[in-house]
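Q: Protein chains in written order, with our numbering: chain A, 768 to 1113; chain B, 768 to 1113; chain C, 768 to 1113.
Misleading hints may appear alongside valid ones.
Since the list gives no way to pick out one identical chain from another, each pair is judged satisfied if it fits inside one copy or across any two copies.
[What the hints assert, rightly or not] List of simulated lysine-lysine pairs, DSSO-like, C-alpha gap at most 27 Å: (1) Lys1112 to Lys815; (2) Lys1054 to Lys812; (3) Lys1048 to Lys812; (4) Lys813 to Lys1054; (5) Lys1048 to Lys815; (6) Lys813 to Lys1048.
Treat the hints as calculated values from the structure; they're not laboratory data.
Here is how the chains run, residue by residue.
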Amino acid sequence: MITRTAAQLASLVGAELDGDPTLVLTGVAGLEQAQPGQVSFFGNKKYKQALEATRASLVLVPADQPRGGHAATFLRVPTPHLAFARIAQQFHPAPTWPAGVSERAFVDPGAQVDASATVMAGATVQRGATVGARAVLHPGVFVGEGASVGPDSVLKSNVSLLERCQVGARCLLHSGVVVGADGFGFALDLAVPEHVKIPQTGVVRVEDDVEIGANSCIDRATTGETVIGRGTKIDNLVQVGHNCVVGPFSILCAQVGLSGTTELGMGVMMGGQSGSAGHLKIGDLAKVGAQSGVMSDVAPNATVIGSPVLDHRDTLRSWALFARLPELHQQVRELQRRLDALEKKP
Amino acid sequence: MITRTAAQLASLVGAELDGDPTLVLTGVAGLEQAQPGQVSFFGNKKYKQALEATRASLVLVPADQPRGGHAATFLRVPTPHLAFARIAQQFHPAPTWPAGVSERAFVDPGAQVDASATVMAGATVQRGATVGARAVLHPGVFVGEGASVGPDSVLKSNVSLLERCQVGARCLLHSGVVVGADGFGFALDLAVPEHVKIPQTGVVRVEDDVEIGANSCIDRATTGETVIGRGTKIDNLVQVGHNCVVGPFSILCAQVGLSGTTELGMGVMMGGQSGSAGHLKIGDLAKVGAQSGVMSDVAPNATVIGSPVLDHRDTLRSWALFARLPELHQQVRELQRRLDALEKKP
Amino acid sequence: MITRTAAQLASLVGAELDGDPTLVLTGVAGLEQAQPGQVSFFGNKKYKQALEATRASLVLVPADQPRGGHAATFLRVPTPHLAFARIAQQFHPAPTWPAGVSERAFVDPGAQVDASATVMAGATVQRGATVGARAVLHPGVFVGEGASVGPDSVLKSNVSLLERCQVGARCLLHSGVVVGADGFGFALDLAVPEHVKIPQTGVVRVEDDVEIGANSCIDRATTGETVIGRGTKIDNLVQVGHNCVVGPFSILCAQVGLSGTTELGMGVMMGGQSGSAGHLKIGDLAKVGAQSGVMSDVAPNATVIGSPVLDHRDTLRSWALFARLPELHQQVRELQRRLDALEKKP
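The shape of chain A in the complex, shown without the other chains (with noise of 0.2 Å):
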């Protein structure tokens, strides 16, 4: 069992200990499920009540937040999600896996594997490709020929990472991720007719820190490449499509899709199951809406929603009035009703 002091969790995250420094910690839980020996974390007020009534032994609270005759010990830090994030990996380190190549796996004469990496059975690894120091590879994995996994990276159960593709360092890639299928691009001859494929000859490059969810789909460029910016998070079932650049840090919920050719800034959020038309920008820190669609440029900062998008409080506002479009009908029956009399007198 893992366990921590209470001193030794808050010199982790930087916190004013407002207790028993040698209180000894066994892990961490929400402040209703959390049990004696629990750290747990107080970040919103509407759970004021939970926190009165959980029997976690450490509670990461906001730096104003008063004691109150509470038991447990307080660790006084400025966000306690993010301090609880870091607690939390400290009680559930990253599995990890014993290096060697499976003998029933299919790796190439010609594949470079590292040797403290892991391959298990019924992963492939072809001519050309590299596996790097501490990597992982699940069974079912594909990684085809010339590609390269970065160290410490971690490909799940039946990813395909297709040729020539580049996954960084400590990377996370999740079943079933597709990076390096070919992108969408057809020329149509009608005197046939024929959708003419054109040969999507460019690669996917994945930087470092990267987490791509289940199921999701990077599709790799026509030429040059698609880029997946570092310590960007992906959730399952996104399709990025080729030539997108996805810039550092930012978030994709699940269900995102990219067209091609569309750039994001840093920081970009996209909330689950919105789009993006193809070849334009998304600047930094810029934040689109669920279910929204993205038809033109965002400019940095904003916060855009509603399919096409417009500045959210412009969409909320249309929003309300949609919901009450009868009533406006009905208000505008009534004025003509009214001026149809009015003109009526003489």
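The hints should help you fit chains B and C onto chain A, whose structure is shown.
A: For chains B and C alone, kept in the frame of chain A given last:
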């Protein structure tokens, strides 16, 4: 060839038999495609002509359906569509496979596989996992450490059931399903910057009699469980976020997305491509229309549609007026002109 | 290195050559990225400056494009983009693999694999399945009982082609595609309660020259066939429900969803994330905008957009007015005030 008499089928579905009880049936088909010897059903008045023209030898009809000189044997039942499903199952029993673990499967010695289960070549069962009686794991299936597959459940090709997640009895997971990928949880540390991963330490519990469509994803809980309730049916490419609880007997159509900690009651229906924001409740027997966006709690028995959703009657009214906005705009301009004229009158 | 002369390329695409017929070309690239020796194309007037600045040695231009003192050789063609596609294919022929079945593939003795086909390690071909001449099955591919893969078709890693489904000639199925999962069909028995499964006994038939994007799903028919017509191209994460018939030469962009029994004509285009309700028809050459929702039949040649869809001009007008709803609302209130005042006049 599987055969049944009309009397056997009438008994199976509790029908009133109007015709020849010794008639021998050999299969099922739609009214238009059916051949002599086959069973069909008539459940919708708009197919009255197809009923008259059908070559089916036996037709399931509503209780009040008159014979009208039809040559076929009739089985009168409350719901022909349902009776048809049960009869179709008689002629098309689920396929079976010989029991046993393929020598070319990757089964850890520390896994428990029932002797009556089937594990095909290229399937993986890791340490501590259990596979129940008569369960079937197709090629490319991954069952992670400590995961469990209940009796009579079938995991089709390339399904991933990740560590410690549980699938109940008689479930059917179609190809490419991912159960137990990490929930999408991060805390932003602007100082680095870094999206700090919140360890996803919970599991997914899929109850009995659940069907999950191809390439759908059910994420594991941050702590505790993500639950898919008994008898729920999920279509393809659906996303269920961490800590969701989907009540029993619900229906999630293709490409639905549930954000984290969404709670669905019993018998909820969600149309294709609809989605829900997180941390809210959709009540028992509620219906959510296709492409709809749920942004607040939905009451039991409600029928909602739109993005964001309103009661479906309200949305239908507003949609109709949305299409007439140019006309409304024109009317308002006309009113302005008329009023201008009136106001100028002495 | 693959080389072609300007004369060879002109002949290939039926171009009028304006420049040096003996010029030797070594590859293709965009106007801005092209190096000397490479072919590029100019198809859009807005890239006029890029044309002037390009280092490409040969440029495909429209028939009426004046030379203007440009140093490059010009090939004049009706559609530069299309000619570029055909020329790019010359320099990037589809990859080939050595024929033969890997000893580490899982091929049933009762399967028929053409001697010129490639079956890689970790691929499965079950009893009664057939794999045609020069077809390629990548690792993790599953070809179920009685399924068939036509000549020159390629199934990339972890594709599932389920029992009895058929893929024609020269098809390309990207990683994670699932062809032939069960259609989503249940009949509710409230008395149990239970969603009774309607056996899905039909198949999928994918005709020749079809491309299907990563992790897309084509469900088998309840009875009969789900059909993907000749030359149709499908992007990633698309859902095609049971019994759909997608006409030839159609284009389904990423994350499109077709409900059961949707019928698409020839050359239909559906934008990303759009969807269709079931049991309806979308006519030849119709275009459906991104994120649109089709809820009734669409006429041939129509261009529709919105959710629900209208003619695109109507939707664009209503979208513009939707954004101005607050203004319209204000105008109506102003009219009311003015009318109140008028009515009070003696």
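Q: Indicate, hint by hint, whether the structure satisfies it.
A: Results for each hint:
In this assembly of identical chains, Lys1112 and Lys815 lie within 27 Å of each other by CA distance neither inside one copy nor across copies; the values are 65 Å within and 59 Å between. For the homomeric pair Lys1054 and Lys812, the shortest alpha-carbon distance inside one copy (24 Å) is at most 27 Å, but the shortest distance between copies (33 Å) is not. Proximity of Lys1048 to Lys812 under the C-alpha cut-off of 27 Å is restricted to the inter-copy arrangement: shortest distance 21 Å between copies versus 37 Å within a copy. Taking the shortest Cα distances, Lys813 and Lys1054 sit within 27 Å of each other inside one copy (25 Å), while across copies they are farther apart (29 Å).
In this assembly of identical chains, the alpha carbons of Lys1048 and Lys815 lie at most 27 Å apart only when taken from different copies (21 Å versus 42 Å within one copy). Proximity of Lys813 to Lys1048 under the C-alpha cut-off of 27 Å is restricted to the inter-copy arrangement: shortest distance 17 Å between copies versus 37 Å within a copy.
Comparing the model with each earlier hint shows a violation of hint 1 alone; every other hint is respected.
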